[in-house]
Amino acid sequence: MHDGLVFNIQRYSLHDGPGIRTTVFLKGCPLCCQWCHNPEGIAARREIVVVENRCIICGECRDACPLASALDCSGPLPPRLADCTLCGACVDACPTGARQMIGRTMSVEDVLCVVRRDRTFYDDSGGGLTVSGGEPLSQPRFLLALLEACRAEGLHSVLDTTGFGRVEHLLAASALAGLVLYDLKAFDEELHLRLTGVSNRLILENLRELDRTHPNVWIRLPVVPGFNDDLEDLRRIADFVATLRSVTLVNLLPFHRTGLHKFRRLGLTHALDGVETPSPELMQRAVEVFEQRGLKTKVGG
Amino acid sequence: MQSAMTDRTARLRQDSLDARPAITAERAVLITEFYQANEGRFSVPVMRARSFLHYCRHKALWIGDDELIVGERGPAPKVTLTFPELTCHSIEDLEILNSREKTHYDVDEECLREYRERVIPYWRGRSMRDRIFAELPDEWKDAYDAGVFTEFMEQRAPGHTVLDGKIYSRGLLDFKKDIARALAELDFLNDPEALDKRETLLSFDIACDAVILLAQRYAALARERAATERRPARKAEWERIAEVCSRVPAHAPRDFHEALQAYWFCHLGVITELNGWDAFSPGHLDQHLLPFYERGLADGSLTKESARELLECFFIKFNNHPAPPKVGVTAAESGTYTDFANINIGGLLSDGSDGSNELSHLLLDIVDEMHLLQPSTNLQLSRKTPDALLKHALRVLRKGYGFPSLFNADAVVQEQLRQGKTLEDARAGGCSGCVEVGAFGKEAYVLTGYFNLPKILELALNNGFDPRTGKQLGPASGDPATFRNIDDLFAAYRVQFRHFLNIKLRGNNLIGRMYATRMPAPFLSVLIDDCIRRGRDYNAGGARYNNTYVQFVGLGSVTDSFTAVEQACFNGSGRSVPLAQLTEALRADFQGHEALRQRLLHRTSKYGNDDDAADSIMRRIFDVCVEELDGRPDPRGGHYRVEMLPTTCHVYFGAVTGALPDGRRAGVPLSEGISPVQGADRHGPTAVIRSASKMDHLKAGGTLLNMKFTPALVDNEESIEKWAHLVRSYFKMDGHHIQFNVVRAETLREAQKHPEKHRDLIVRVAGYSDYFCDLSRELQEEIIARTAHEGF
Chain A
1 MHDGLVFNIQ RYSLHDGPGI RTTVFLKGCP LCCQWCHNPE GIAARREIVV
51 VENRCIICGE CRDACPLASA LDCSGPLPPR LADCTLCGAC VDACPTGARQ
101 MIGRTMSVED VLCVVRRDRT FYDDSGGGLT VSGGEPLSQP RFLLALLEAC
151 RAEGLHSVLD TTGFGRVEHL LAASALAGLV LYDLKAFDEE LHLRLTGVSN
201 RLILENLREL DRTHPNVWIR LPVVPGFNDD LEDLRRIADF VATLRSVTLV
251 NLLPFHRTGL HKFRRLGLTH ALDGVETPSP ELMQRAVEVF EQRGLKTKVG
301 G
Chain B
1 MQSAMTDRTA RLRQDSLDAR PAITAERAVL ITEFYQANEG RFSVPVMRAR
51 SFLHYCRHKA LWIGDDELIV GERGPAPKVT LTFPELTCHS IEDLEILNSR
101 EKTHYDVDEE CLREYRERVI PYWRGRSMRD RIFAELPDEW KDAYDAGVFT
151 EFMEQRAPGH TVLDGKIYSR GLLDFKKDIA RALAELDFLN DPEALDKRET
201 LLSFDIACDA VILLAQRYAA LARERAATER RPARKAEWER IAEVCSRVPA
251 HAPRDFHEAL QAYWFCHLGV ITELNGWDAF SPGHLDQHLL PFYERGLADG
301 SLTKESAREL LECFFIKFNN HPAPPKVGVT AAESGTYTDF ANINIGGLLS
351 DGSDGSNELS HLLLDIVDEM HLLQPSTNLQ LSRKTPDALL KHALRVLRKG
401 YGFPSLFNAD AVVQEQLRQG KTLEDARAGG CSGCVEVGAF GKEAYVLTGY
451 FNLPKILELA LNNGFDPRTG KQLGPASGDP ATFRNIDDLF AAYRVQFRHF
501 LNIKLRGNNL IGRMYATRMP APFLSVLIDD CIRRGRDYNA GGARYNNTYV
551 QFVGLGSVTD SFTAVEQACF NGSGRSVPLA QLTEALRADF QGHEALRQRL
601 LHRTSKYGND DDAADSIMRR IFDVCVEELD GRPDPRGGHY RVEMLPTTCH
651 VYFGAVTGAL PDGRRAGVPL SEGISPVQGA DRHGPTAVIR SASKMDHLKA
701 GGTLLNMKFT PALVDNEESI EKWAHLVRSY FKMDGHHIQF NVVRAETLRE
751 AQKHPEKHRD LIVRVAGYSD YFCDLSRELQ EEIIARTAHE GF
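Protein sequences appear in the order of chains A and B. Reading the first sequence from the start, the letters are residues 1 to 301 in the numbering used here. Reading the second sequence from the start, the letters are residues 1 to 792 in the numbering used here.
These are computed hints drawn from the structure, not numbers from a lab. Be a bit skeptical, because a hint or two may be false.
Unchecked claim - List of simulated lysine to any residue pairs, SDA-like, C-alpha gap at most 25 Å:
1. B:K732 to A:K296
2. B:K694 to A:E153
3. B:K384 to A:G19
4. B:K732 to A:A82
5. B:K399 to A:K296
6. B:K699 to A:E153
7. B:K384 to A:R119
8. B:K732 to A:H15
9. A:K298 to B:T747
10. A:K296 to B:I720
11. A:K298 to B:R395
12. B:K694 to A:G19
13. B:K384 to A:T120
14. B:K694 to A:K296
15. B:K399 to A:G19
16. A:K298 to B:S719
17. B:K732 to A:T120
18. A:K298 to B:I720
19. A:K296 to B:E717
20. A:K298 to B:I120
21. B:K399 to A:H15
22. B:K694 to A:E109
23. B:K391 to A:G301
24. B:K102 to A:R117
25. B:K732 to A:C113
26. B:K102 to B:T747
27. B:K694 to A:G301
28. B:K732 to B:A613
29. B:K391 to A:H15
30. A:K298 to B:K141
31. A:K298 to B:T710
32. A:K296 to B:E718
33. B:K141 to B:I120
34. B:K391 to A:G19
Whole structure, please, built from the sequences with the hints as guidance.
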């Protein structure tokens, strides 16, 4: 069995597929979307974050750190320390839990032990497990093993993906999942590159392939004012999606600012600090673009 | 929901909201005058019944100009009676009631004068409260003063019961015939208790006369108003009111209006003869009213609109009746105007089929529209209850008024079967007060007071010494420095637990027998089976079933404290803290030990996260309660049982409990009900529910789980659907009860700043809802601090 690097397991997830779900977030993503609200999921390795308002400046992290004596600053350790070996001594020493290690190596069984706990809730509501990220396809062997184990236990599973991965991994994983949540961010290749750091060519090609084999795909499209809310680009996405037979729902996800504080915890700055939540009018116009093409469309997950 | 409040009910509602709670000495004076004139002339039960009759004959009546359902306990809405034979308020008590900021009652000069000149001189030393405190031993008083437990019956009578359907098919005159038959069958040759039974049955008969008389006086008053009324429509209403009041409750009601009025007179009777806890409740109102509703619609005498208006008038009547004033510890443990009348919606019929109907939905619409403090309402949700009714209830709850609370009707049946009730009686039962189960119309289920679990742990950590009062309160249960593992601490905890529980039960048994012999409740006894057949009063064990509860408080706090000790002191690692060092930090209220406190707060397992390390300890704590209490004989021939609910007592108990190993500082409120410590749950509602389901709910007579949702979590039909599944899943795991506050923290902050703008902001506190602005600052802060579960 292959272990995975997991950065969160979220119970009572209401917006990642049908029913009450548990979402498993796999760490590592080839995209770097400017509005990312899970920035701690981007790097494919463990990292340390600091929850600022929990820190009581007791200095125990510094006392515990084998490298701190070499530093010439004072006060609590910064989240990112050059030469940090991620030994975790500072995290273990922190009395308030302000310093946290993001990313935990888990086996399929470790993950399922958590997921199984809410079985009664899934049974009742038609829910189950959702694998998200990061980008789950960036840990393909673990992803497949996890989805296979779910199938063996009769747990409904959902794959939440950017589509940026090898097509054989995508098809193999989606074949095990009852539903695929597939992100689209922009139709224009230039725009996509600017927003996410990668071209969308592979993403669109993979979606066409997926469309040939899978019966149930929801398209998820974040709407970020000033970035991808150009109606012309939305129309081109909608035209494309309308040609697909597998798409049963389009989710338009209004940008929200909850991810911004996480950037600070990682010691990063955020390009979207000035961006506001899209207006209801903008969301309505976007919905109309899709509905006009006969696509069932919903605001929110 | 269609908005349908009529001008009339909108006006009556506003009048009820605007009326100021006040105290009248009227009842105190009438009862005093009767006792002075008749002392020694009658047996105790007959004396009680005759004094009740005296009050019903002479009390000032009040009818509102717009009312359809009539009858007030006092001389005007929200004017509350006192019961000096139970607790004789001192002038100082009355002045406190008049001047305190929260749960204030106006007390005028005349009331003070009557108390000073007539009431206090007679009742001081004669009241139940004075006599109870004279009887209780010092060890009881020391524990009470230290805040180990409280005592419900020190200011208010037992009660805690609910009516079944009997008054809708039979009138009080029919019950008088039953009484006459029982009297005729007394066997003075072979039954040595025949005389006692005769006096008891005579008291029942007089109590029926008293309530019939009260109704007839209202009928006469309505007739007078009709005679002088110029508006024809209102004149017809006055005449109708007169007709209804001359018919019920003497005879069985014939229609919807009479059915509601019949209950209301019975309610008034029960809450007037004594000040029993939880007022009185109509139980399965939707089920009881259905035949009248259907018949009225069929024969054209009733419309949906007129039925709704009558029900709204009926609801307002409850709101007009704040709880009788409480003082001292009892005011702290239950600091609210609400008197805990609670209406059941849905549930099962006694044959086991779904009991919900069209009126269940109508009641929910009324709750939604009127959002009054009283009555409380609850949904009895069985497997058989349609989803449509659950979702309707959730749409009402989403508004954030804290009603209705949600109960597992199937678990409620199982809990009662375990207590030895018949299947039919269990199904016809339900819940009342906060979360208590009962066989409606057939049971005396009496709550006796709260029991402070974290205080027991504090005593165990101090070898029986109470740091706050500076007394060696409990037995020496071992020096904590010698404890080698968590089991040693548990053993000391159990020693303290048993010691103080026994003190409490000895007190309860004494008080219970005092009520049985000195303070019967004849009118309530008429309404509860099998008091007439047995010729025995409700307070003396006349009910078919008898259970007596101790309500345990602080489950989350004590669990997290044990877990923290286990993980911080006995973890076997280099970071282990000696228990003696921890207890030293506790005595210092963590002054100079902040890093340790933070580690205890954040780095140990907490109940409410589906973490077996903490949850298995919760289970042990719960099991100790059941093992030590459940099934022991109570003073009415029944049994003691476990209840897990706090009302507002977790705030009072918190104030008298020192720092705890879970990192809580001295004086801070404890956890409430079976909810996790405020803010300790970090993994969302399914984890809380899983943790809470690890106790055996069926062995308690009620558990209370509180959860706060922000509106974003329940803002559309899809999330309501998932919310419904969440509730169903908890109940599948035998969860007894769950309730939701749907409110934004910023709304609460805003209400703290501008209470005048948020007077109608109702939040769920603990088994009941209250006006947020009426809560103490501490409790407000605590409500804000409870984890608001955000959507993910």
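Evaluation of the provided hints:
Our distance criterion of 25 Å between C-alpha atoms is broken by K732 of chain B and K296 of chain A, whose separation comes to about 34 Å. Distance restraint check for K694 of chain B and E153 of chain A: the Cα-Cα separation of roughly 24 Å lies within the 25 Å cut-off, and the hinted pair is therefore satisfied. Distance restraint check for K384 of chain B and G19 of chain A: the Cα-Cα separation of roughly 21 Å lies within the 25 Å cut-off, and the hinted pair is therefore satisfied. Proximity of K732 of chain B to A82 of chain A is assessed by CA-CA distance (about 52 Å); at most 25 Å being required, the pair is judged violated.
Distance restraint check for K399 of chain B and K296 of chain A: the Cα-Cα separation of roughly 29 Å exceeds the 25 Å cut-off, and the hinted pair is therefore not satisfied. For the given pair, K699 of chain B sits about 33 Å from E153 of chain A by alpha-carbon distance, which is inconsistent with the 25 Å threshold. Distance check on the hinted pair: K384 of chain B and R119 of chain A sit about 22 Å apart at the alpha-carbon level, within 25 Å; holds. This hinted pair checks out: K732 of chain B and H15 of chain A have alpha carbons roughly 24 Å apart, not beyond 25 Å.
Distance hint between K298 of chain A and T747 of chain B is unfulfilled; the C-alpha atoms sit about 29 Å from each other, more than 25 Å. A hinted pair counts as satisfied when its Cα atoms are at most 25 Å apart, and K296 of chain A with I720 of chain B qualifies at roughly 21 Å. Restraint check for K298 of chain A and R395 of chain B: satisfied, since their Cα atoms lie roughly 21 Å apart, inside the 25 Å limit. A hinted pair counts as satisfied when its Cα atoms are at most 25 Å apart, and K694 of chain B with G19 of chain A qualifies at roughly 24 Å.
Annotation: proposed proximity of K384 of chain B to T120 of chain A holds, straight-line Cα distance about 18 Å (limit 25 Å). The straight-line distance between the Cα atoms of K694 of chain B and K296 of chain A is roughly 42 Å, outside the 25 Å bound, and the hint therefore fails. Simply put, K399 of chain B and G19 of chain A have alpha-carbon atoms about 23 Å apart, close enough for the 25 Å limit, and the pair holds. Among the hinted pairs, K298 of chain A with S719 of chain B is consistent with the structure: their alpha-carbon atoms are about 14 Å apart, no more than 25 Å.
Distance check on the hinted pair: K732 of chain B and T120 of chain A sit about 8 Å apart at the alpha-carbon level, within 25 Å; holds. For the hint pairing K298 of chain A with I720 of chain B, the CA-to-CA distance comes to about 16 Å; that is within 25 Å, so the pair holds. Between K296 of chain A and E717 of chain B, the direct Cα distance comes to roughly 17 Å. Compliance with the 25 Å bound is thereby established for this hinted pair. Restraint check: the Cα-Cα separation between K298 of chain A and I120 of chain B comes to about 70 Å, which exceeds 25 Å; the hinted pair is violated.
Our distance criterion of 25 Å between C-alpha atoms is met by K399 of chain B and H15 of chain A, whose separation comes to about 22 Å. With a C-alpha separation of about 23 Å, the suggested pairing of K694 of chain B with E109 of chain A holds against the 25 Å cut-off. Only pairs whose Cα atoms come within 25 Å are accepted, and K391 of chain B paired with G301 of chain A is accepted, the gap being roughly 21 Å. Pair hint K102 of chain B plus R117 of chain A does not hold up; C-alpha atoms about 44 Å apart against a cutoff of 25 Å.
Proximity of K732 of chain B to C113 of chain A is assessed by CA-CA distance (about 21 Å); at most 25 Å being required, the pair is judged to hold. Among the hinted pairs, K102 of chain B with T747 of chain B is consistent with the structure: their alpha-carbon atoms are about 21 Å apart, no more than 25 Å. With a C-alpha separation of about 32 Å, the suggested pairing of K694 of chain B with G301 of chain A is violated against the 25 Å cut-off. A threshold of 25 Å between alpha carbons decides the hint, and for K732 of chain B with A613 of chain B the separation of about 23 Å falls inside it, so the pair holds.
Between the alpha carbons of K391 of chain B and H15 of chain A the distance comes to roughly 19 Å, so the proposed pair stays at or under 25 Å and holds. In summary, the hint linking K298 of chain A to K141 of chain B is not supported, as the alpha carbons are separated by about 64 Å, beyond the 25 Å threshold. Note on K298 of chain A and T710 of chain B: the hinted pairing holds, with a Cα-Cα distance of about 22 Å set against a maximum of 25 Å. Restraint check for K296 of chain A and E718 of chain B: the C-alpha separation of about 15 Å stays at or below 25 Å, so the hint holds.
Pair hint K141 of chain B plus I120 of chain B holds up; C-alpha atoms about 24 Å apart against a cutoff of 25 Å. A distance of roughly 15 Å separates the Cα atoms of K391 of chain B and G19 of chain A; the hinted pair therefore holds under the 25 Å criterion.
In the structure shown, a violation is registered for the earlier hints numbered 1, 4, 5, 6, 9, 14, 20, 24, 27 and 30, in ascending order.
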